[in-house]
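Enquirer: Listed below are the residues making up each chain.
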Amino acid sequence: AQSVTQPDIHITVSEGASLELRCNYSYGATPYLFWYVQSPGQGLQLLLKYFSGDTLVQGIKGFEAEFKRSQSSFNLRKPSVHWSDAAEYFCAVGAYSSASKIIFGSGTRLSIRP
Amino acid sequence: KAGVTQTPRYLIKTRGQQVTLSCSPISGHRSVSWYQQTPGQGLQFLFEYFSETQRNKGNFPGRFSGRQFSNSRSEMNVSTLELGDSALYLCASSLQGLAGVSGEQYFGPGTRLTVT
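These protein sequence lines map, in sequence, to chains A and B.
Each residue of the first sequence is one higher than the one before, starting from 161 at the first, in this note's numbering.
Each residue of the second sequence is one higher than the one before, starting from 2 at the first, in this note's numbering.
In case anyone wonders, no lab produced these hints; they're calculated from the structure.
Take these hints with a grain of salt, some might be off.
[What the hints assert, rightly or not] Chain A stretches covered by chain B per the calculated footprint, using a threshold of three residues with CB under 8 Å from any CB of chain B:
hint, region
1, 203-215
2, 225-236
[Said to hold, decoys possible] Which chain B residues stay away from chain A? Per the calculated CB distances, all over 10 Å, these:
hint, residue
3, 65
4, 76
5, 93
Heads up, the beta-carbon is just placed ideally off N, CA and C, and yes, glycines get one too.
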């Protein structure tokens, strides 16, 4: 069965510092992987997605993620965070079969220190 | 292009009542998925509708049901509300749905349901 683990519940980084949010997945075949961001009172916005090909994926708002099959990871990175990046981030894995659905991780809340 | 809209945004109901939530997808999108978000369980998939047919279903009791209309608008119904049904209910639309190649979903702002 598919599963997604985001080991960090809450992370605080200083504005301008680099960021890495961890995501580990469990899936028997090559997964389809996503990162979403949710600001307070808002729905989810897709940051980036990985289906196949280049394992380093560029997304919106300066985010990128790297798919590492050997480590079953899909970590999200940003070289320099801005105060507006404070939000909840969700990693998700999809399986495209007749019973397809997307499984979300529990989320990582990001706070930015001025 | 207008985004996904959900109505109402906030709702307070009493245990035992029923509720209907509405979702209007992005124009041209034929798939609508529903999710329940709670602090304890996180984001959980409820069901997906595509061209008026339920295509996928999560692990929720039969009290949770939905439907989709010919214009792709979708409604979700919860009957005999329980305290544990208090949650943010999110709707997401996509062109081809979760079985499509891209699978990219666009989420609405959600409906915050409080059951007292």
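Enquirer: It remains to establish, for every hint, whether it holds in the given structure.
Expert: Tested hints:
1. Chain B is given as covering the region 203-215 of chain A, and this holds because 6 residues of the stretch bring a CB closer than 8 Å to a CB of that chain, at least three being needed.
2. Counting residues of the region 225-236 of chain A whose C-beta lies closer than 8 Å to any C-beta of chain B gives 0; at least three are required, and the coverage claim is violated.
3. The beta carbon of residue 65 of chain B sits about 15 Å from the closest Cβ of chain A, which is more than 10 Å, so the claim that it is off the interface holds.
4. Chain A leaves residue 76 of chain B outside its interface by the beta-carbon criterion, the shortest separation being 18 Å against a cut-off of 10 Å.
5. Residue-level check failed: residue 93 of chain B sits 8 Å from the nearest beta carbon of chain A, not beyond 10 Å.
In this structure, the earlier hints numbered 2 and 5 are contradicted, and the remaining ones agree with it.
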